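2 protein chains.
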Amino acid sequence: MLRMNITLPPAVDRDTAKLVARMTDIVGRENVLTATAELATYECDGFTIAKTKPDVVVFPLTTAHIVAIVKACNELDVPFMARGAGTSLAGGCVPVGGGVMIALARMKTIHEVNVRDRYAVVDPGVVNVWLTNALKAHGYHYAPDPSSQGACTIGGNVATNSGGPHTLKYGVTVNHILGVELVLPSGELVTLGGPTEDSPGYDLVGTVVGSEGTFGVVSKVWVRLTRNPEAYRTLLGVFENIDDATNAISGIIGSGIVPAALELLDSTILKAVEAAFKFGFPMDAGAVLIMEVDGLNAGLQDEADRIEAIALQNNAREVRKANTEAERLALWKARKQAFGTIGRLGYPSYCTQDGVVPRTKLPQIMKFISATAAKYGIAICNVFHAGDGNIHPILMFDERDPVQVQRVLDASTDILTECINLGGSVTGEHGIGVEKLDFMPILFAQADLDCMVRLRTAFNPRNNCSPHKMLPTAGGCAEPAAIGATKPGRRAAV
Amino acid sequence: MLRMNITLPPAVDRDTAKLVARMTDIVGRENVLTATAELATYECDGFTIAKTKPDVVVFPLTTAHIVAIVKACNELDVPFMARGAGTSLAGGCVPVGGGVMIALARMKTIHEVNVRDRYAVVDPGVVNVWLTNALKAHGYHYAPDPSSQGACTIGGNVATNSGGPHTLKYGVTVNHILGVELVLPSGELVTLGGPTEDSPGYDLVGTVVGSEGTFGVVSKVWVRLTRNPEAYRTLLGVFENIDDATNAISGIIGSGIVPAALELLDSTILKAVEAAFKFGFPMDAGAVLIMEVDGLNAGLQDEADRIEAIALQNNAREVRKANTEAERLALWKARKQAFGTIGRLGYPSYCTQDGVVPRTKLPQIMKFISATAAKYGIAICNVFHAGDGNIHPILMFDERDPVQVQRVLDASTDILTECINLGGSVTGEHGIGVEKLDFMPILFAQADLDCMVRLRTAFNPRNNCSPHKMLPTAGGCAEPAAIGATKPGRRAAV
Chain A
0 MLRMNITLPP AVDRDTAKLV ARMTDIVGRE NVLTATAELA TYECDGFTIA
50 KTKPDVVVFP LTTAHIVAIV KACNELDVPF MARGAGTSLA GGCVPVGGGV
100 MIALARMKTI HEVNVRDRYA VVDPGVVNVW LTNALKAHGY HYAPDPSSQG
150 ACTIGGNVAT NSGGPHTLKY GVTVNHILGV ELVLPSGELV TLGGPTEDSP
200 GYDLVGTVVG SEGTFGVVSK VWVRLTRNPE AYRTLLGVFE NIDDATNAIS
250 GIIGSGIVPA ALELLDSTIL KAVEAAFKFG FPMDAGAVLI MEVDGLNAGL
300 QDEADRIEAI ALQNNAREVR KANTEAERLA LWKARKQAFG TIGRLGYPSY
350 CTQDGVVPRT KLPQIMKFIS ATAAKYGIAI CNVFHAGDGN IHPILMFDER
400 DPVQVQRVLD ASTDILTECI NLGGSVTGEH GIGVEKLDFM PILFAQADLD
450 CMVRLRTAFN PRNNCSPHKM LPTAGGCAEP AAIGATKPGR RAAV
Chain B
0 MLRMNITLPP AVDRDTAKLV ARMTDIVGRE NVLTATAELA TYECDGFTIA
50 KTKPDVVVFP LTTAHIVAIV KACNELDVPF MARGAGTSLA GGCVPVGGGV
100 MIALARMKTI HEVNVRDRYA VVDPGVVNVW LTNALKAHGY HYAPDPSSQG
150 ACTIGGNVAT NSGGPHTLKY GVTVNHILGV ELVLPSGELV TLGGPTEDSP
200 GYDLVGTVVG SEGTFGVVSK VWVRLTRNPE AYRTLLGVFE NIDDATNAIS
250 GIIGSGIVPA ALELLDSTIL KAVEAAFKFG FPMDAGAVLI MEVDGLNAGL
300 QDEADRIEAI ALQNNAREVR KANTEAERLA LWKARKQAFG TIGRLGYPSY
350 CTQDGVVPRT KLPQIMKFIS ATAAKYGIAI CNVFHAGDGN IHPILMFDER
400 DPVQVQRVLD ASTDILTECI NLGGSVTGEH GIGVEKLDFM PILFAQADLD
450 CMVRLRTAFN PRNNCSPHKM LPTAGGCAEP AAIGATKPGR RAAV
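Sequence order for the protein chains is A and B. So for the first sequence, numbering that gives the first Met the number 0 puts the first residue at 0; every next one is plus one. So for the second sequence, numbering that gives the first Met the number 0 puts the first residue at 0; every next one is plus one.
Simulated from the structure, these hints should not be mistaken for laboratory data. One thing to keep in mind: the hints can contain errors.
For identical chains, the list gives no copy identity; a pair is met inside one copy or between any two copies.
The calculated lysine-lysine pairs, modelled on DSBU-like cross-linking and capped at a C-alpha distance of 35 Å, are [unchecked claim]:
#1 135 - 332
#2 366 - 335
#3 374 - 335
The model shown is predicted, which means the values in this text are computed figures rather than measured ones.
All chains, full assembly: derive it from the sequences and hints.
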């Protein structure tokens, strides 16, 4: 969103016919898209104004296809990038500079489910929730559960190191990836990690997860399986204002309880959700908090009781309980589909921002967001992973009105800058993509960024794989940004 | 241990006087060691037969000292490496090729303890247990707890990604490191990560943790603090044989309980521990299992009861309970100081091996170890992190007898090879160091190793920082091992 005004590299005049012929040779005509109308689907992601078309979209069906595609791109000197479901929110899968888009949606096989040793082997195009569905009968699930889990793919989750409501207890994607098969930007195939834990040598798996596609194309993933909790207790705390709700969060965490999730919805989003789902949310509440604990049944009610007591101590008007699994699922449906209900608030467009503050700074950032909405005269609602300090202000506007767009850009910049000022950062889970490139030199010293460029160069020396992503400098193999440059960033001052 | 016969690079004839003068200029005479007798302490680690002296040992007191030392080493073209307490067990801190040993033992300040935001900032030379001691009054601790925690340093833990008994529930070192200040092999200073979670950009912190000192010298560490559990239940299961004990482990994990620790001691180590501590272990048991759960008091007794029931179902002769904190601490003292009691078994030397198997393969590897002991006519005892499948067979011998030494080498090789055959690996926490270099090409395909070399080259292009560690190939900046070599390793076949 923020990079709407970014100067994208000029389009390169390529011999598209030759490119398409090569790709067709590899995967067959039915797995190549070239028509302008078809390509338009692939020019943006879940929400990015920055748009740029790929020269061709190709759907590999096998790892061998990916290897051949990447080698052909190298030969023809064309950049390439992978795409999952395109649900990213920071421009991570926008094909800046054009080239070949490797769409992995047709590689969607779950190859193996090994419950005894607790791993599964999946294709990158497997949709997040398919895996959990496939595990249901075994009593297991795949823990990372982004709101987009019904659409987003495991490969995309690996690229952005996706989180979700249950990140608070279960960790982000990197905590659940045991290994990846990776087609390097050279076309070489490597296997990093695998079904067992704690592979010796450098932690290449951890390095690849979250690298936003800049280290190659992931062609297979070994994921860890998580046993379903024996039981849940899911509570809804109703608060008069956000301050009380965020204080309750600090109280719960401070008590030593690690909830499975602590999700906050403010009064605006509450209205939209209520209009859509008729859940019976109190329309005059300042905020509600979905509070969930899970685990063995033994002792769980005691934990839930303590959470309820802490919420009440922090002036919760009431604490409701999901008494049945159906009630629990309804509550989660309300949370996970909250974004889908925003349309009911009457704005044609919205921008979901992503920032992080130390949990103890939540009251401050919430006040700041509210003041920012007033300052720019725009509407902002909030629904976010409160337990992690991972905020998601949703800025509502009309994309057709350039004045409103500019206000949203400015407000976003203000909010993210304040996140940095409060000791946080500009993304908790959406990634840097192209939108937040400008923040990288604010967050990091030049030496730190140089270090990242050198790391990218190790995997991606020609920077022809997902170029113009994540790092503000280009930097080829022979020329990582000059060593010893001393512009200090925030981190350097810590 | 395994690399006793390794051909170490020939000693380089260096102008030691000049080197010492430069180091003295930087840190002062009192922080430089040069006498042969003094250097002898620094020629090996906790247990490695491979020995080689550094040219000089230097004790920096500040980050600026480290930067100056590293820059001087670059100028003088002398290799260098960091050392913590020297408790590593795979030769990780043996100064192969000599050069400057940067001993971090005098950088031992705890700079900040921030309980509210749950982090601390420490020097690399801070001893692991000092930090936990400093946190006691706050009700927090630093979670990774290697057996050597009374001596090993946080910096050394970062280098090897140390585990410990409580790794089962709380994870290894990388799960508790928020950031590092790192002096790159060029002398450049970078800050990776910091006090807040989920720093954007590549996960450089995760890359540095476990890199065995090959990416530079860590000069400061941001660690995560863990709240002390409200309560513990610590049980001792007494089994007739190891099979029953390992089956109990699978039963406990399979039930959905995540114990804080599951530690197995076999009958041989039991005798040594009993001789030392008079804990009252039954001397005729085949194995005992220390089983601990922790967390909120609510429900904990139920978990403990379930664990007891599972142990009894798996033929435990009895299950004892630590009824007081003193009894609990005595049990952990027995476990943590088990290695120190081995002397009582009558062997002058022992080699603690480190391997991993899928937890479900524990009965097989235990049988194999027993058969290997018989095959070579040596004594092997076992005390290990059973819940993780991380075995630590202890091979006992007399270092002065070359025949016995060779048998221990051969037996170690057999056991580690069997770990690989069972789908595991050759190190769970001690690292590759110099001892296990030969196993890397067995565990990994050449393309995978090339990838690691390229990563090292990004940080350490001249390979002058901790050379000859972790990776079997040398590989300078301009010449990472040839791309496309296709020797398949185990991982490639998965």
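For each hint, the structure was consulted:
no.	hint	verdict
1	135 - 332	within (18 Å within a copy, 42 Å between copies)
2	366 - 335	within (24 Å within a copy, 50 Å between copies)
3	374 - 335	within (29 Å within a copy, 60 Å between copies)
Taken one by one, the earlier hints all hold for this structure without exception.
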